[in-house]
Amino acid sequence: MSSTVHDAHTAHHEGEGEHHYQPQVLTMPHAEVTQTVLRVASTMGRTYKLALALFGGLFIAGFIAFIVRAQDGFDTFTPWGYLMATFAFIFTTAMSAPIFSVTQRMVRSHWRRPMGRSAEIMSVAGIVGALMFIPLVLMLPNAADRKSIWFGFPGAPHVYQLAGLIGIALLGMAILYVSSLPDLAAIRDHGKGWRKSLATKLAPKFRGTPRQWKGVKAMLMVLGALYFLFLIGVHTMIASDFALSLVPGWKDAIFPAWHAISGLQSAVASTILVTFLLYKFGGYKDYISVDQFWGASKIMLALSLLWMYFWLSGFMIFWYGRQPVEQALIKLFFAESYRFPWAMAVCLNFAVPFLLLIWNGARKSMIVPTIVACSILLGTFFDRIRIYVASFSVADVRADALHNIHVEPFLENPPPHLPGTADVFMILGGIGGAIFLIMLAMKFFPPISIWEVTEGMLYRKKKRFLKREIMVMGKPD
Amino acid sequence: MQDRVVLGHTPQEVDARINRELLTNVLYTERRYWIIVGFLALVVALAGGAVGYMVNKGIGVSGLHRPVFWGFMITNFVFWVGISHAGVMLSAILRLSQAEWRRPATRAAEIVTVFALMTAILFPIIHSGRPWRTMYWAFPYDFARGIFPNVRSPLVWDPTAITTYLTSSIMFVLVALIPDFAVARDRTKGVAKAIYSVLAMGWRGTPRQWRLQIVAGFLLSALILPVFVSVHSIVSWDFGIAQSVEGWHSTVFAPYFVIGAVHSGVSAVVTVMIILRWLFHWENYITKDTIDSLGRLLIVVATAWFFFFFIEILYSIYTLEDAELGLRKMQFFEAPYSWLFLTFILTGYFIPVPLWLFKNVRRSFKWMFITTILVNIGMWIERFLIIVPGLARKQGLTFSWSTYHPSVIEILLVIGSFAFVSMNILLISKVIPLIPIYDIKEGEILKDEIKIGKVTVPAAKREE
Numbered sequence: 001m002s003s004t005v006h007d008a009h010t011a012h013h014e015g016e017g018e019h020h021y022q023p024q025v026l027t028m029p030h031a032e033v034t035q036t037v038l039r040v041a042s043t044m045g046r047t048y049k050l051a052l053a054l055f056g057g058l059f060i061a062g063f064i065a066f067i068v069r070a071q072d073g074f075d076t077f078t079p080w081g082y083l084m085a086t087f088a089f090i091f092t093t094a095m096s097a098p099i100f101s102v103t104q105r106m107v108r109s110h111w112r113r114p115m116g117r118s119a120e121i122m123s124v125a126g127i128v129g130a131l132m133f134i135p136l137v138l139m140l141p142n143a144a145d146r147k148s149i150w151f152g153f154p155g156a157p158h159v160y161q162l163a164g165l166i167g168i169a170l171l172g173m174a175i176l177y178v179s180s181l182p183d184l185a186a187i188r189d190h191g192k193g194w195r196k197s198l199a200t201k202l203a204p205k206f207r208g209t210p211r212q213w214k215g216v217k218a219m220l221m222v223l224g225a226l227y228f229l230f231l232i233g234v235h236t237m238i239a240s241d242f243a244l245s246l247v248p249g250w251k252d253a254i255f256p257a258w259h260a261i262s263g264l265q266s267a268v269a270s271t272i273l274v275t276f277l278l279y280k281f282g283g284y285k286d287y288i289s290v291d292q293f294w295g296a297s298k299i300m301l302a303l304s305l306l307w308m309y310f311w312l313s314g315f316m317i318f319w320y321g322r323q324p325v326e327q328a329l330i331k332l333f334f335a336e337s338y339r340f341p342w343a344m345a346v347c348l349n350f351a352v353p354f355l356l357l358i359w360n361g362a363r364k365s366m367i368v369p370t371i372v373a374c375s376i377l378l379g380t381f382f383d384r385i386r387i388y389v390a391s392f393s394v395a396d397v398r399a400d401a402l403h404n405i406h407v408e409p410f411l412e413n414p415p416p417h418l419p420g421t422a423d424v425f426m427i428l429g430g431i432g433g434a435i436f437l438i439m440l441a442m443k444f445f446p447p448i449s450i451w452e453v454t455e456g457m458l459y460r461k462k463k464r465f466l467k468r469e470i471m472v473m474g475k476p477d
Numbered sequence: 478m479q480d481r482v483v484l485g486h487t488p489q490e491v492d493a494r495i496n497r498e499l500l501t502n503v504l505y506t507e508r509r510y511w512i513i514v515g516f517l518a519l520v521v522a523l524a525g526g527a528v529g530y531m532v533n534k535g536i537g538v539s540g541l542h543r544p545v546f547w548g549f550m551i552t553n554f555v556f557w558v559g560i561s562h563a564g565v566m567l568s569a570i571l572r573l574s575q576a577e578w579r580r581p582a583t584r585a586a587e588i589v590t591v592f593a594l595m596t597a598i599l600f601p602i603i604h605s606g607r608p609w610r611t612m613y614w615a616f617p618y619d620f621a622r623g624i625f626p627n628v629r630s631p632l633v634w635d636p637t638a639i640t641t642y643l644t645s646s647i648m649f650v651l652v653a654l655i656p657d658f659a660v661a662r663d664r665t666k667g668v669a670k671a672i673y674s675v676l677a678m679g680w681r682g683t684p685r686q687w688r689l690q691i692v693a694g695f696l697l698s699a700l701i702l703p704v705f706v707s708v709h710s711i712v713s714w715d716f717g718i719a720q721s722v723e724g725w726h727s728t729v730f731a732p733y734f735v736i737g738a739v740h741s742g743v744s745a746v747v748t749v750m751i752i753l754r755w756l757f758h759w760e761n762y763i764t765k766d767t768i769d770s771l772g773r774l775l776i777v778v779a780t781a782w783f784f785f786f787f788i789e790i791l792y793s794i795y796t797l798e799d800a801e802l803g804l805r806k807m808q809f810f811e812a813p814y815s816w817l818f819l820t821f822i823l824t825g826y827f828i829p830v831p832l833w834l835f836k837n838v839r840r841s842f843k844w845m846f847i848t849t850i851l852v853n854i855g856m857w858i859e860r861f862l863i864i865v866p867g868l869a870r871k872q873g874l875t876f877s878w879s880t881y882h883p884s885v886i887e888i889l890l891v892i893g894s895f896a897f898v899s900m901n902i903l904l905i906s907k908v909i910p911l912i913p914i915y916d917i918k919e920g921e922i923l924k925d926e927i928k929i930g931k932v933t934v935p936a937a938k939r940e941e
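Protein chains in written order, with this note's numbering: chain B, 1 to 477; chain S, 478 to 941.
Worth flagging that the hints you see were computed from the coordinates, not collected in a lab.
Where hints are given, some of them may not hold.
[Said to hold, decoys possible] Okay, derived cross-link-like pairs now, SDA-like style, lysine to any residue, Cα gap no bigger than 20 angstroms in a straight line:
id: 1; chain 1: B; residue 1: K298; chain 2: S; residue 2: P703
id: 2; chain 1: S; residue 1: K931; chain 2: B; residue 2: T209
id: 3; chain 1: S; residue 1: K928; chain 2: B; residue 2: L458
id: 4; chain 1: B; residue 1: K475; chain 2: S; residue 2: P703
When you get a sec, could you build the whole thing from the sequences and use the hints?
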């Protein structure tokens, strides 16, 4: 098989060692791509099963911890800060990941083809996200007598929050379903057992007629545009209702946009990490090359710079403003109570990506973008703790301003709220549950999109140009 | 359907035709060119006269009056800084992302950047009323009083950011121009040849020179990006860090200004390109594909700008503070601001963007010309609405109060600034090719086709 690849591994090593790197051009027969991907996707080794059991077990442990914590009631929401931070982490990373596939499909980049599906598969984490979100949204104080973006809309904020989150989860899964339709048809025709029967139910009529192809592509565009709008909207709503409007006097128009940028950055990071795992342990070495990491790491670098720029733009105004409420906010979120998670976030979400990814040699490798992706994911986790645990620890959400609640000399700001045992299990359970579902889904939906990879093979050719062979890339209308 | 312009059948034919057609503006001049330049020079002279009159009589001849001390001149400053964002957006970002369709658009965008910045920087100086005194607060030197300017003041940030951006933009244009200067050098005589020889810096097109030129282009693209972002962010902080004016102390101003600048800048480039296409007969280079791609880019940029506009309004009023509510009420519902607001939101977004969704509109020079002009009308008004109503609203400590009515002098200055930029673009077109010759030639070499079944798909060769 490797001889028919033109040539993933060699290209990778060439890229690291020589001046002229040549992008990967696959030349294997299309049927072989289908057979290989379906075979690898339907095989489940012992390690995979053990990992599934571990993450499933963590999810159950997290659920038990939730029940234990729930016995104390939902009257105050400070104890639920870490559950919110974990939900926000899952929402910012796995649930936002399909945006990577959506945007790259819209700009028609060819390198994204082998990694778009793994981004879409992560949308199944929306099930765990939605489960965690229901108690959180129910304990959110109603909009009466407090500043909120809803201006007294009936049912606000609960109805709109739930609708938004369920909408984004469903849209993500709809994108996964529609983009997988041609591959599900392949499972239906070439698969075995439960996969075949499930695929037959999910893709009963797809035969690959021009009309059906046109339909799939049009549907992906429409769903993609909707997903993009929804994602930005839901980031804005969550940032507003679960952070901004819980902290009296926090008036910060850039914060929701910054939250969304963080979502885009983490989406790319999650996708890079999953792609690396698929390359290293998943058995898809023929389809994944350094091209994917090179392309995605440029976006990751740009988003890391934007992350810092958006933060600085907001901070600058507070820092220069020096109003009492602005000083109290700086102390709470950056300088005093939660300065450790903030320092970690700046290092991991900005400093590490910037210092490593500015080098083309580092971008043009597999390992450095993966290290940066891990750094970003860890940084985002610290950052969600900083934002949501801090916001949930404010004593009176209906006060006029933060500095009026915690009056000196008694207490200038609430002290950092550290996680207890139940919090740790809820964090592990939430993240474990999300990984469990993603791993499970990868054994049904092929994590390498067969049709997009084979389509990409049509658009990329090798050609002799002057003294060497270079790639010619098709640019359809 | 993509345009497939065939410029020749052999590489030599293609080369010769590109040289001939793209040097038209440098080597030959039509009569209408001088008529247009003459008219623009007249308008610029009138505006220059207005400046002279204001310097002689004092700033009182403008419409500035307590409490509105920032009016048309500062609006115009912010507007032209915004327009200047086109160059880097189109040139640096699209070069780094290797977008093939950028090729005919980059030079015009870079030139617009340079002249827009030169125009912008004039306005705070004119606005000071005593231009020679600006050195006291802008230059990092204790000229007279033994006191260095306050480095924490936007009055120092602005000149620093703008001059840095102007210097790097000029460098960006000049580096990209070296191969084209060499082409002009080889086709001119006498003094012109001597000047082009100096500017071409010994360019012979050796592999080493090309490699250095490409590396320099990429490096400058990457280095200019932070400068590009910082310039309008700093301009936005002129407003953002002030607390005393309602509506200005907003955390979102920096990215909101930057994306708004890109919106108006790219629109201006489309307008300029369509005019140049008409003036110099560049139908083979500025094609429907070029403006179609720019139209798509504009949809994304405009929608991102609208998102920032929306959150700026939403998060300013959600705390229900009387001052903010009063200001927004004045901006949206009280004449004349209400009419201006309606015009701005319609021309800045709700008319052009829905139209750009139609491919026929994006591929029509007439419609793209109209819609991009509309965008810039809207974006100019947007800047006015950010600056003036906040100052004009009567507050507790405003004892002497009036609203703002621009004087004839200020109106002349605004019109003059448009004429100044247009005239400079036309004048520079007599010296340099406004479509990069070497870039177009490279595009022709890299152009290819792929056969997929019965269909032929346009393709491009990729060296990396």
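Structure-based check of all given hints:
Restraint check: the Cα-Cα separation between K298(B) and P703(S) comes to about 16 angstroms, which is no more than 20 angstroms; the hinted pair holds. Restraint check for K931(S) and T209(B): satisfied, since their Cα atoms lie roughly 17 angstroms apart, inside the 20 angstroms limit. Distance restraint check for K928(S) and L458(B): the Cα-Cα separation of roughly 9 angstroms lies within the 20 angstroms cut-off, and the hinted pair is therefore satisfied. For the hint pairing K475(B) with P703(S), the CA-to-CA distance comes to about 31 angstroms; that exceeds 20 angstroms, so the pair is violated.
The earlier numbered hint that this structure contradicts is number 4, and it is the only one.
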